[in-house]
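Start from the sequences, fold in the hints, and give me the full structure.
There are 2 protein chains.
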Amino acid sequence: MLARAGHDVTLIGRAPHVQAIADRGLSLHMAGRVETVRVAASTDLAAIGSAGLVLFCVKSTDTEPVARQIAPLLAADALVLSLQNGVDNAATIARHVKQTVVPAVVYVATAMPEPGVVTHHGRGDLVIGPLDAAAARNPTLGERLQAVVDLFAAAQVPVRISPDVMGELWSKLMVNCAYNAISGLAQLPYGAMAALPAIVEVQRAVVSEVVAVAQADGQHLPLDAALEAMDRIARAMPAQLSSTAQDMARGKPSEIDHLNGFVARRGAELGIATPVNQTLHALVKLVEAGRGGGA
Amino acid sequence: MLARAGHDVTLIGRAPHVQAIADRGLSLHMAGRVETVRVAASTDLAAIGSAGLVLFCVKSTDTEPVARQIAPLLAADALVLSLQNGVDNAATIARHVKQTVVPAVVYVATAMPEPGVVTHHGRGDLVIGPLDAAAARNPTLGERLQAVVDLFAAAQVPVRISPDVMGELWSKLMVNCAYNAISGLAQLPYGAMAALPAIVEVQRAVVSEVVAVAQADGQHLPLDAALEAMDRIARAMPAQLSSTAQDMARGKPSEIDHLNGFVARRGAELGIATPVNQTLHALVKLVEAGRGGGA
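Line by line, the protein sequences give chains L and D.
Residue numbering for the first sequence follows our numbering, starting at 1 and increasing by one per position.
Residue numbering for the second sequence follows our numbering, starting at 1 and increasing by one per position.
Everything labelled a hint here was simulated from the structure, so no lab data went into it.
Since we're looking at a predicted model, the values are computed, not measured.
Hints should not be assumed to be uniformly reliable.
[What the hints assert, rightly or not] Residues of chain D placed beyond 12 Å of chain L at every Cβ, according to the derived structure:
#1 Ala5
#2 Val206
#3 Pro222
[Unchecked claim] Listed next, the stretches of chain L that the computed footprint assigns to chain D, with coverage defined by at least 3 CB atoms under 8 Å from CB atoms of chain D:
#4 182-193
#5 283-291
[Said to hold, decoys possible] Okay, the calculated beta carbon distance ranges per label pair:
#6 Gly218/L <-> Arg232/D: 39 to 45 Å
#7 Met112/L <-> Asp217/D: 27 to 33 Å
#8 Lys252/D <-> Glu35/L: 25 to 31 Å
#9 Ala22/L <-> Arg250/D: 31 to 37 Å
#10 Gln240/L <-> Pro163/D: 35 to 41 Å
#11 Ala71/D <-> Glu269/L: 55 to 61 Å
#12 Arg235/D <-> Arg144/L: 54 to 60 Å
#13 Glu269/L <-> Gly218/D: 36 to 42 Å
#14 Gly122/L <-> Lys252/D: 37 to 43 Å
#15 Asp217/D <-> Asp217/L: 36 to 42 Å
#16 Arg250/D <-> Gly122/L: 38 to 44 Å
#17 Pro113/L <-> Arg250/D: 48 to 54 Å
Heads up, the beta-carbon is just placed ideally off N, CA and C, and yes, glycines get one too.
Shown next as structure tokens:
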């Protein structure tokens, strides 16, 4: 969207995508139309060059190694925006790079059905905000966030600044913890899950555990609102299979270590019991181990 | 084994088995040999006739309806031996029949690969004993149990009388709760489960919950011994897929309601939290519902 709006954008990715984009441009299926966007693409992290804004979009399993690799390459004044699921990615990046790192919650439904092709199914808006209290006190951060809002607005991507972006990331994590593993283990969509009261009970237990861990972590995530948000998803997307289900079906490693696995680890650190998240995490890991997938 | 030793035995079962046994006898594959045993067989519960000993061998899901149906047919002095997994079958039968009901723990590995064919893979011994304290006080029970031991001994089936047969059934239930659902959900054998420490942690949580419920139920089931028994199974049978895994793979309803499902229900009655058993039960039910199986 930024390249389409005339900005100088370089995509860094794996060879099949880079080759397809170099050959034919990026094919964008959106709102019933197909557009071709000409954009630079490279497999080389050094292509990060003098970028002023870095959109950090790798899966959570790759956050640490990629952060480590880009640290010596980043321009001194670069802003790194983490467009990832999970609540620990921005902090992980910030441990390795000295530049400002800003977490973003991404609300979008897209797919990449083949190299160089992006299909857009719905939404496409971001929430950004300070990573922590220290970042919130930085006097220049507000200005830099507003510059991101303006940049994206001109490219038709709505961005909202929130003082509680971490709370929104926890809320998204909570929903993913309640749906992804179960949908994956049964290979069934959200509507089938909601139809079985025993499963809804398990999901409520997952949400209660995530909320307890979030609260112990200093987040404001009220249980009632979390349970309502969880219920809404199945009504809104009854036919949806989780990304974890799709990864498991394809024999690809899932992000489960950064969903229920993260909640179990963080709970253990904070002294909060998370038996249901632990169980779901272990079961997905077992399926991945049995299929030769997983880390 | 009883028919083979010359006793008057009638098998009651479903039509394909009954027809095969009527046509060709029961084919018994055992210790590297194949024997044909001539034995009566019927699909009609009325064939229970004047039987003095009734071996009650249905799946736990069928216990209640079958007990109800045989109640008016049983001879006044019949002894009903429950050769079933689960800790509530004998009590369920006893609620419907006025004759003496004796629980048995069955240790045997067999399969019925086709109608009229039984293959024996290992063991084949029973533990029997009083259902409860009231039964234990019955002055004639000891004599009747000893008669069962003698009858089976002459047919080369070792039977041991235990004052704590219910504790042994709980122990077997505990092992089944720790292995069956997980093996079923991942479609993997016990050795693959034992290789993943996160899964062993889940199994230990299952065992702890079962032990807590058993103890609240008045059973003597020490946690350390239970955990050791659980660990031993994976070492003894690394290639074993659980019966639940086999049922799930065939799209047949499993006994999960009488394994983790029973522990969850009994725990709720006794005020014991069983989040991991509840989760495993719900996940197996979801898979069964999704495949059109299950009750």
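Hints, verified against the model:
At the 12 Å boundary, the C-beta of Ala5/D stays outside the reach of chain L, the nearest C-beta of that chain being 44 Å off. For Val206/D, the condition that its CB be more than 12 Å from all CB atoms of chain L is violated, with the nearest at approximately 9 Å. No beta-carbon of chain L is positioned within 12 Å of the beta-carbon of Pro222/D; the least distance is around 22 Å. Against chain D, the segment 182-193 of chain L contributes 7 residues with a C-beta closer than 8 Å to a partner C-beta. That satisfies the three-residue criterion, and the hint holds.
Look at the segment 283-291 of chain L against chain D: 6 of its residues bring a Cβ nearer than 8 Å to a Cβ of that chain, three or more, so the hint holds. Between Gly218/L and Arg232/D, the C-beta spacing of about 44 Å keeps the proposed range 39 to 45 Å intact. Judged by the Cβ atoms, the range 27 to 33 Å given for Met112/L and Asp217/D is violated: they are separated by roughly 54 Å. Between Lys252/D and Glu35/L, the C-beta spacing of about 51 Å breaks the proposed range 25 to 31 Å.
For the hinted restraint 31 to 37 Å between Ala22/L and Arg250/D, the CB-CB distance of approximately 50 Å leaves it violated. With their beta carbons about 55 Å apart, Gln240/L and Pro163/D fall outside the hinted range of 35 to 41 Å. Roughly 57 Å separates the CB atoms of Ala71/D and Glu269/L, a value that falls within the hinted 55 to 61 Å. One distance hint, 54 to 60 Å for the beta-carbon pair Arg235/D and Arg144/L, holds here, with the actual separation near 59 Å.
Glu269/L and Gly218/D have their C-beta atoms about 38 Å apart, which keeps the hinted 36 to 42 Å range intact. The hint said 37 to 43 Å for the Cβ distance between Gly122/L and Lys252/D, and at roughly 40 Å that hint holds. The supplied range of 36 to 42 Å is met by Asp217/D and Asp217/L, whose beta-carbon atoms lie about 38 Å from each other. Evaluation of the 38 to 44 Å hint for Arg250/D and Gly122/L yields a pass: the beta carbon distance comes to about 39 Å.
Between Pro113/L and Arg250/D the C-beta distance comes to about 35 Å, which lies outside the given range of 48 to 54 Å.
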